[in-house]
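*Asks:* From just these sequences and the hints, can you work out the full model?
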Amino acid sequence: MTHPRGSAAKSAALSAALSGAVDLSALKARAEAARKQPAPPAGGPAPSGDGPPPSSEAVIDVTEATFQAEVVERSLRQLVVVDLWAEWCGPCKQLSPVLERLAAESGGAWVVAKVDVDANPRIAQLFGAQSIPTIVAIAGGQPVDAFSGALPEPEIRKWIDALLDALRDKLPSIRDAEGGGRAEEPEDPRFTEAEEAFERGDFAAAQAAYERILDVEPANELAKNALAQVKFTARAEKADPDAVAKADADPSDIAAQLDAADLEIAENQVEAGFKRLVDTVRRTAGEDRNKVREHLVALFDLFDPADERVMKARRDLASALF
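Heads up: the sequence shown begins at 22 in our numbering, then just goes up one per residue.
Bear in mind the hints are in silico, worked out from the structure with no lab data behind them.
Just so we're clear, the structure is a prediction, and the values are computed from it rather than from any experiment.
Mixed in with the good hints there might be a few duds.
Said to hold, decoys possible - Straight-line Cα separation of at most 35 Å, DSBU-like style, residue types lysine-lysine; simulated pairs:
{"id": "1", "residue 1": "Lys179", "residue 2": "Lys267"}
{"id": "2", "residue 1": "Lys312", "residue 2": "Lys252"}
{"id": "3", "residue 1": "Lys259", "residue 2": "Lys191"}
{"id": "4", "residue 1": "Lys333", "residue 2": "Lys252"}
{"id": "5", "residue 1": "Lys252", "residue 2": "Lys296"}
{"id": "6", "residue 1": "Lys312", "residue 2": "Lys333"}
{"id": "7", "residue 1": "Lys296", "residue 2": "Lys135"}
{"id": "8", "residue 1": "Lys267", "residue 2": "Lys252"}
{"id": "9", "residue 1": "Lys135", "residue 2": "Lys179"}
{"id": "10", "residue 1": "Lys259", "residue 2": "Lys245"}
{"id": "11", "residue 1": "Lys191", "residue 2": "Lys267"}
{"id": "12", "residue 1": "Lys296", "residue 2": "Lys267"}
{"id": "13", "residue 1": "Lys333", "residue 2": "Lys296"}
{"id": "14", "residue 1": "Lys191", "residue 2": "Lys114"}
{"id": "15", "residue 1": "Lys114", "residue 2": "Lys267"}
{"id": "16", "residue 1": "Lys179", "residue 2": "Lys252"}
{"id": "17", "residue 1": "Lys333", "residue 2": "Lys267"}
{"id": "18", "residue 1": "Lys267", "residue 2": "Lys312"}
{"id": "19", "residue 1": "Lys259", "residue 2": "Lys333"}
{"id": "20", "residue 1": "Lys252", "residue 2": "Lys191"}
{"id": "21", "residue 1": "Lys191", "residue 2": "Lys179"}
{"id": "22", "residue 1": "Lys245", "residue 2": "Lys296"}
{"id": "23", "residue 1": "Lys245", "residue 2": "Lys312"}
{"id": "24", "residue 1": "Lys259", "residue 2": "Lys312"}
{"id": "25", "residue 1": "Lys333", "residue 2": "Lys179"}
{"id": "26", "residue 1": "Lys312", "residue 2": "Lys296"}
{"id": "27", "residue 1": "Lys114", "residue 2": "Lys135"}
{"id": "28", "residue 1": "Lys296", "residue 2": "Lys259"}
{"id": "29", "residue 1": "Lys191", "residue 2": "Lys135"}
{"id": "30", "residue 1": "Lys114", "residue 2": "Lys179"}
{"id": "31", "residue 1": "Lys245", "residue 2": "Lys333"}
{"id": "32", "residue 1": "Lys179", "residue 2": "Lys296"}
{"id": "33", "residue 1": "Lys245", "residue 2": "Lys267"}
{"id": "34", "residue 1": "Lys135", "residue 2": "Lys312"}
*Replies:* Written out as structure tokens, the structure is:
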């Protein structure tokens, strides 16, 4: 995982939860199993050992069988925007044409992968889609951002531009589409040091690097957001798989409540994690209450401030405190 720079800083807000909850290898295994089925009778089409070759078009239809080639593998070199839709969905008919037109205009920088959720329900389940349309950006084989609902075109353009800015040095298709005409901003060596530490799993070094940046630039939002992600990832990787059960069994165990909330958010149960901590604030006082409140507020930094789940949790927290 890397931390995007500049205008795309907020594009990673959802990824901390989403990437922890979505395992794209599940569909890969199904696709590989399907390709290993016995050969068809003589005269029939021979199966391909490598699966279908990726399409070169800006819009592609994806099924469970083609998901590995057209989404996971393609995303190693090109941004893939997965469009979860259905024929009966009215908002989908508003959003999909906009995405398709913008992809066609991108010159190959990114592609729309359309998934009919009625025909491919497992893909929708994989992403935990609660409603459609749901749009998920995939890069480097993993989800990096997502949204639901039919956003206005200006907001979609802004979302795509932020992703392209963040991924320019990671995906060849973006640089190729721009023809090298856009000058790259020089990398800040302080962020490079922190990101490299994060990528090799040295969370302590990454945290220290971001803290050094904030010592000099206390208002640096990118460093603040990245530091929150580092701290959360370090905790989530150590989380006890039974943390939720232990917390439910003993509501008075503050440490268990904090661990359980981290685990729930890492598994994309964001509302549950927020609610757990708000409820804990309500039934505690003094230092315990302050500890839980600070933990919850730190979790808010993983998300866009305009995220409805964050706004609701902030209102609930205010009510619990006063």
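*Asks:* Does each hint hold? Answer for all of them.
*Replies:* Each hint tested on the structure:
1. Note on Lys179 and Lys267: the hinted pairing is violated, with a Cα-Cα distance of about 43 Å set against a maximum of 35 Å.
2. Taken as a hint, the Lys312 and Lys252 pair is honoured in the structure, with Cα atoms around 16 Å apart against an allowance of 35 Å.
3. Taken as a hint, the Lys259 and Lys191 pair is honoured in the structure, with Cα atoms around 28 Å apart against an allowance of 35 Å.
4. About 23 Å separates the Cα atoms of Lys333 and Lys252, which keeps this hinted pair within 35 Å; it holds.
5. This hinted pair checks out: Lys252 and Lys296 have alpha carbons roughly 21 Å apart, not beyond 35 Å.
6. Proposed proximity of Lys312 and Lys333 is supported: the alpha carbons are some 20 Å apart, at most 35 Å.
7. As the CA atoms of Lys296 and Lys135 are separated by approximately 34 Å, the hinted pair is consistent with the 35 Å bound.
8. A C-alpha spacing of about 22 Å is found between Lys267 and Lys252, which places the hinted pair at or below 35 Å, so the restraint holds.
9. Annotation: proposed proximity of Lys135 to Lys179 holds, straight-line Cα distance about 21 Å (limit 35 Å).
10. In summary, the hint linking Lys259 to Lys245 is supported, as the alpha carbons are separated by about 22 Å, within the 35 Å threshold.
11. Restraint check for Lys191 and Lys267: the C-alpha separation of about 41 Å exceeds 35 Å, so the hint is violated.
12. Of the pairs offered as hints, the one joining Lys296 and Lys267 holds, with about 17 Å between alpha carbons and a cut-off of 35 Å not exceeded.
13. The straight-line distance between the Cα atoms of Lys333 and Lys296 is roughly 10 Å, inside the 35 Å bound, and the hint therefore holds.
14. For the given pair, Lys191 sits about 32 Å from Lys114 by alpha-carbon distance, which is consistent with the 35 Å threshold.
15. Only pairs whose Cα atoms come within 35 Å are accepted, and Lys114 paired with Lys267 is rejected, the gap being roughly 45 Å.
16. Simply put, Lys179 and Lys252 have alpha-carbon atoms about 28 Å apart, close enough for the 35 Å limit, and the pair holds.
17. Between Lys333 and Lys267, the direct Cα distance comes to roughly 26 Å. Compliance with the 35 Å bound is thereby established for this hinted pair.
18. For a cut-off of 35 Å, the pair hint linking Lys267 to Lys312 stands: about 19 Å separates their Cα positions.
19. Restraint check: the Cα-Cα separation between Lys259 and Lys333 comes to about 28 Å, which is no more than 35 Å; the hinted pair holds.
20. Taken as a hint, the Lys252 and Lys191 pair is honoured in the structure, with Cα atoms around 24 Å apart against an allowance of 35 Å.
21. For the hint pairing Lys191 with Lys179, the CA-to-CA distance comes to about 19 Å; that is within 35 Å, so the pair holds.
22. For the suggested pair Lys245 and Lys296, the alpha carbons sit about 24 Å apart, so the restraint of at most 35 Å is met.
23. Note on Lys245 and Lys312: the hinted pairing holds, with a Cα-Cα distance of about 20 Å set against a maximum of 35 Å.
24. Restraint check for Lys259 and Lys312: satisfied, since their Cα atoms lie roughly 19 Å apart, inside the 35 Å limit.
25. Under the criterion of a C-alpha separation no larger than 35 Å, the hint pairing Lys333 with Lys179 is consistent with the structure, at around 25 Å.
26. Pair hint Lys312 plus Lys296 holds up; C-alpha atoms about 16 Å apart against a cutoff of 35 Å.
27. Between the alpha carbons of Lys114 and Lys135 the distance comes to roughly 12 Å, so the proposed pair stays at or under 35 Å and holds.
28. For the given pair, Lys296 sits about 22 Å from Lys259 by alpha-carbon distance, which is consistent with the 35 Å threshold.
29. With a C-alpha separation of about 23 Å, the suggested pair Lys191 and Lys135 falls inside the 35 Å cut-off, and the hint holds.
30. Between Lys114 and Lys179, the direct Cα distance comes to roughly 20 Å. Compliance with the 35 Å bound is thereby established for this hinted pair.
31. Simply put, Lys245 and Lys333 have alpha-carbon atoms about 22 Å apart, close enough for the 35 Å limit, and the pair holds.
32. Our distance criterion of 35 Å between C-alpha atoms is met by Lys179 and Lys296, whose separation comes to about 31 Å.
33. For a cut-off of 35 Å, the pair hint linking Lys245 to Lys267 stands: about 31 Å separates their Cα positions.
34. Taking the CA atoms of Lys135 and Lys312, the gap is about 44 Å. The hint is violated against a cut of 35 Å.
Consistency note: the structure conflicts with the earlier hints numbered 1, 11, 15 and 34.
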